[in-house]
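Could you put together the complete structure from these sequences and hints?
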Amino acid sequence: MPKMKSNRGAAKRFSRTGGGGFKRAASHRRHILTKKSSKRKRQLRTVRTMHPSDVREAKQLLPYS
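Residue numbers (the numbering used here): 4 to 68.
Keep in mind that the hints were calculated from the coordinates and are not lab data. Since this is a predicted model, take the numbers as computed values, not measurements. A couple of the hints might just be wrong.
What the hints assert, rightly or not - In silico EDC-like links for lysine to aspartate or glutamate, alpha-carbon gap of 16 Å or less: (1) K26 to E60; (2) K8 to E60; (3) K39 to E60.
As the list claims (entries may be wrong) - With beta-carbon atoms standing in for the labels, derived distance ranges: (4) L47 to G12: 17 to 27 Å; (5) K6 to L36: 36 to 46 Å; (6) S41 to Q63: 32 to 42 Å; (7) S56 to G21: 16 to 26 Å; (8) S41 to P5: 46 to 56 Å; (9) K44 to P5: 41 to 51 Å; (10) K39 to P66: 30 to 40 Å.
All residues carry an ideal CB built from backbone N, CA and C; glycine is no exception.
So, in structure tokens, the structure goes:
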């Protein structure tokens, strides 16, 4: 039986936590940053955890993570 392939787009966006969840970056931090406040941009830096309803799909996309 061949190995399953990881979805490469998901692999670049999500990584597994020790407790079995997934870490993700915040959105809205790529462009048009001049109109966003420093506080907003600073808070968008933090790593967040994926919503529980999305974890099942992420596990399918990243079978070996």
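Evaluated hints:
1. K26 to E60: Holds, at roughly 14 Å.
2. K8 to E60: holds, 15 Å
3. K39 to E60: Violated, because 32 Å separates the two Cα atoms, which is more than 16 Å.
4. L47 to G12: 17 to 27 Å: holds, 21 Å
5. K6 to L36: 36 to 46 Å: holds, 40 Å
6. S41 to Q63: 32 to 42 Å: Holds, at about 38 Å.
7. S56 to G21: 16 to 26 Å: holds, 21 Å
8. S41 to P5: 46 to 56 Å: holds, 50 Å
9. K44 to P5: 41 to 51 Å: holds, 44 Å
10. K39 to P66: 30 to 40 Å: holds, 37 Å
Checked against the numbered hints above, the structure violates only hint 3.
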